[in-house]
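Number of protein chains: 2
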Amino acid sequence: VELGAQSIVDRIGQAVEKLLKDNKIAYKDFIAVGIGSPGVIDAARGIVMATSNLKFENVPLAKMLSDRLKKPAILENDANITCWAEHVAGAGKGCDEMLLLTIGTGIGGGIITNGEILHGFDCNGAELGHAIYQPDGRKCGCGQKGCIEAYASASATAARAEEALRGGTKSLLKKVLDEKGCVTCKDVFDHVAAGDALAKEITDGTAKALAQFCISMLHISGPECIVFFGGMTRAGDLFLNPIKKFFNEGIWTIKKERVRFCLAMLGDDAGIIGTASLAMHTQGK
Amino acid sequence: VELGAQSIVDRIGQAVEKLLKDNKIAYKDFIAVGIGSPGVIDAARGIVMATSNLKFENVPLAKMLSDRLKKPAILENDANITCWAEHVAGAGKGCDEMLLLTIGTGIGGGIITNGEILHGFDCNGAELGHAIYQPDGRKCGCGQKGCIEAYASASATAARAEEALRGGTKSLLKKVLDEKGCVTCKDVFDHVAAGDALAKEITDGTAKALAQFCISMLHISGPECIVFFGGMTRAGDLFLNPIKKFFNEGIWTIKKERVRFCLAMLGDDAGIIGTASLAMHTQGK
Chain A
284 VELGAQSIVD
294 RIGQAVEKLL
304 KDNKIAYKDF
314 IAVGIGSPGV
324 IDAARGIVMA
334 TSNLKFENVP
344 LAKMLSDRLK
354 KPAILENDAN
364 ITCWAEHVAG
374 AGKGCDEMLL
384 LTIGTGIGGG
394 IITNGEILHG
404 FDCNGAELGH
414 AIYQPDGRKC
424 GCGQKGCIEA
434 YASASATAAR
444 AEEALRGGTK
454 SLLKKVLDEK
464 GCVTCKDVFD
474 HVAAGDALAK
484 EITDGTAKAL
494 AQFCISMLHI
504 SGPECIVFFG
514 GMTRAGDLFL
524 NPIKKFFNEG
534 IWTIKKERVR
544 FCLAMLGDDA
554 GIIGTASLAM
564 HTQGK
Chain B
284 VELGAQSIVD
294 RIGQAVEKLL
304 KDNKIAYKDF
314 IAVGIGSPGV
324 IDAARGIVMA
334 TSNLKFENVP
344 LAKMLSDRLK
354 KPAILENDAN
364 ITCWAEHVAG
374 AGKGCDEMLL
384 LTIGTGIGGG
394 IITNGEILHG
404 FDCNGAELGH
414 AIYQPDGRKC
424 GCGQKGCIEA
434 YASASATAAR
444 AEEALRGGTK
454 SLLKKVLDEK
464 GCVTCKDVFD
474 HVAAGDALAK
484 EITDGTAKAL
494 AQFCISMLHI
504 SGPECIVFFG
514 GMTRAGDLFL
524 NPIKKFFNEG
534 IWTIKKERVR
544 FCLAMLGDDA
554 GIIGTASLAM
564 HTQGK
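Taken in order, these protein sequences are the chains called A and B.
In terms of the working numbering, the first sequence is residues 284 to 568.
In terms of the working numbering, the second sequence is residues 284 to 568.
Since the hints were derived computationally from the structure, they do not count as laboratory data.
Warning: the hint list may mix true and false statements.
Identical copies carry no separate label here, and so any pair may be met within one copy or between two of them.
As the list claims (entries may be wrong) - Derived lysine-lysine pairs resembling PhoX-like cross-links, with alpha carbons at most 20 Å apart:
| # | residue 1 | residue 2 |
| --- | --- | --- |
| 1 | K453 | K353 |
| 2 | K458 | K304 |
| 3 | K346 | K538 |
| 4 | K311 | K458 |
| 5 | K346 | K304 |
| 6 | K538 | K528 |
| 7 | K304 | K428 |
| 8 | K428 | K528 |
| 9 | K428 | K538 |
| 10 | K346 | K528 |
| 11 | K483 | K457 |
| 12 | K428 | K539 |
| 13 | K527 | K428 |
| 14 | K301 | K354 |
| 15 | K307 | K428 |
| 16 | K422 | K538 |
| 17 | K338 | K538 |
| 18 | K453 | K307 |
| 19 | K422 | K539 |
| 20 | K527 | K538 |
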C-alpha cells in the first residue's frame, strides 16, 4: 500500500475522532464507518480497485479504516451511495425497486432491487452510462460507440449543441459560443427557457435518449421509481417533463405502467446520509 | 375464480398424488409445490395476473394448489424458472450474477442477482425482449418501436430475411420462400451453414443486436455468465460465435471483461428442475 492511502486514512481517522469529541459522542456509541468513493469499487471486499482522480490502485480502504478506528467499515461507490440515500431518506423512500441516474459530466447510476444495492459480478452492475442507446452511434470515452452517456450527459448535450452551431444552425446560442468559445449544458437549458428552437431540439434529444433508456430499464430491473440526480437536474421541470413526455409516447401499450419519475431530494447531503445509513444497514445483517 | 382454474388445479392435484403413489413416496416426504407458468405472474403473491394461452386472470394459483395439496406452493413465470434451473444445475451453476435469454418466437429472459431471481416492481423485471435496441426502429407487437425482440427473435430473424427476399436480394433462400410461401429462422441458419450471403447477413444482424444488448446488460446487471436458451440456440456455434465476435468488437476497452457466453444445458428438463429447486429454495428461507 502506497503512503498516499495510509496518510489519507490517518487524516480521516483524526477527523472522526475530532467529530466525536466535539459532539461529545462516546466511542462505544460510534457503531460503524461508511465510506463513499468514486472509481471502481469492490464493495464486497472493501477495495478501491482504481480511481481517476486519486492515484489509488487495489487499496483495501475499508480494512485500513476499520483497523485505524477499531470499528467495522464498509466501502461503496459514490453513485450507489447516492442511490441508497435517496432510497432510505429521499425521493425513493419506501421503494425497494428503484433506479437512480446521475446526469452530470458523465452518466452514473444505481439500482436497488429487493431492497439492496445491485453490484453484479466484478463490480460491473449499474455502470449505466455505458448502456448502449444508439448502435454504432457517437463515440464514448470508454471505447464503445453509442453509449447513453455520449448523448445525454451534460457534456454530450453541450457538445451536440456546439456541433449544430458549427454546422451553421441558427440560434441565440451562437452568440454564447462566439463570446466564450464554448457552450455549456446550462447555457442550452437557459436558452430553452428563452424559447430558442435549437436549444429545445438539443434538450429534447437528451430527454428522448433518457426516456428510451428508462423504457428499457423498466423492462430490465423494473423500478417503481426513477430518480434523477446531478447538475442537469437543476433545470427542474424543463429537464423532467420532456423525459416523462417521451417515456409516455414510447412505452408499450399492453399494460399501464405505474413507474414514477422524480428529482433527487437530498442534494449534497446524499453522500453523508447514504454512507452512514448503509454502514448501519450492513451492520444489521 | 372461474371453473377452468379450479378444474386444472384438481387435475394437477390428482397427478401429484398419482406420482407419489407410483414412486412409493410418503406424503410427509413431499415438501413443497413449485409451479412454472407463462404470462404475467405476481410471484410474491402467487397469482397468475394474465396469460395469452389460458383464460386466466388474477388466479391465485399458488394458494389454490397449496389448499388442494396441503403443502406450501410457489409460482414463478417460465422464463425465470428456466433461468433458475440453469443457475442451480446448468450452464450458470455457481454464478450468483447471471443473465438468461430465451430466443424463440419472442425474446424472454431472467436475471439472477445476489443469488436470487430479480422480479422488480409490478413484476416488470426481466421482460428483456422489450428493452429497446434501435430507437424509432421496427414495430414490436407490444406497441413499442425498436424492441430487441423485433430484431433478434426467431420470428423477427425470419421476417427480416423475407423482407430482403421480397425486396429483390439474391439468395438461395428465395427458392424456399417460393416453395413454402415463407422462410423460417431454421431455414436461414441452414443457409448460413451452406454459405449463403444473405442468410449470413441476416443472422449477423441478429447476433449483433444480441451482442449489443449483452454489452448493455453487462453494464446494467453485471452478469458473470450469459446463458442462451430456446429454439434458435439449436444452431449451436453458428448462433453463439457471432454473438461473441460482435460483443468483443463492441465492448469498452477500459477494462477486460470476464463474462462468459454459453448455451443452456438442461433443455426441456429446465422447467421441472427449476420449479422443484425453487420451491425448496423458497422453503429454506
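Hints versus structure:
no., hint, in the structure
1, K453 to K353, "neither (62 Å within a copy, 74 Å between copies)"
2, K458 to K304, "neither (55 Å within a copy, 85 Å between copies)"
3, K346 to K538, "neither (48 Å within a copy, 25 Å between copies)"
4, K311 to K458, "neither (61 Å within a copy, 81 Å between copies)"
5, K346 to K304, "neither (23 Å within a copy, 57 Å between copies)"
6, K538 to K528, "within (17 Å within a copy, 36 Å between copies)"
7, K304 to K428, "neither (52 Å within a copy, 60 Å between copies)"
8, K428 to K528, "between (26 Å within a copy, 16 Å between copies)"
9, K428 to K538, "between (33 Å within a copy, 16 Å between copies)"
10, K346 to K528, "neither (47 Å within a copy, 40 Å between copies)"
11, K483 to K457, "within (14 Å within a copy, 47 Å between copies)"
12, K428 to K539, "between (33 Å within a copy, 17 Å between copies)"
13, K527 to K428, "between (26 Å within a copy, 17 Å between copies)"
14, K301 to K354, "within (16 Å within a copy, 58 Å between copies)"
15, K307 to K428, "neither (54 Å within a copy, 60 Å between copies)"
16, K422 to K538, "between (35 Å within a copy, 17 Å between copies)"
17, K338 to K538, "between (49 Å within a copy, 17 Å between copies)"
18, K453 to K307, "neither (62 Å within a copy, 83 Å between copies)"
19, K422 to K539, "between (35 Å within a copy, 19 Å between copies)"
20, K527 to K538, "within (17 Å within a copy, 34 Å between copies)"
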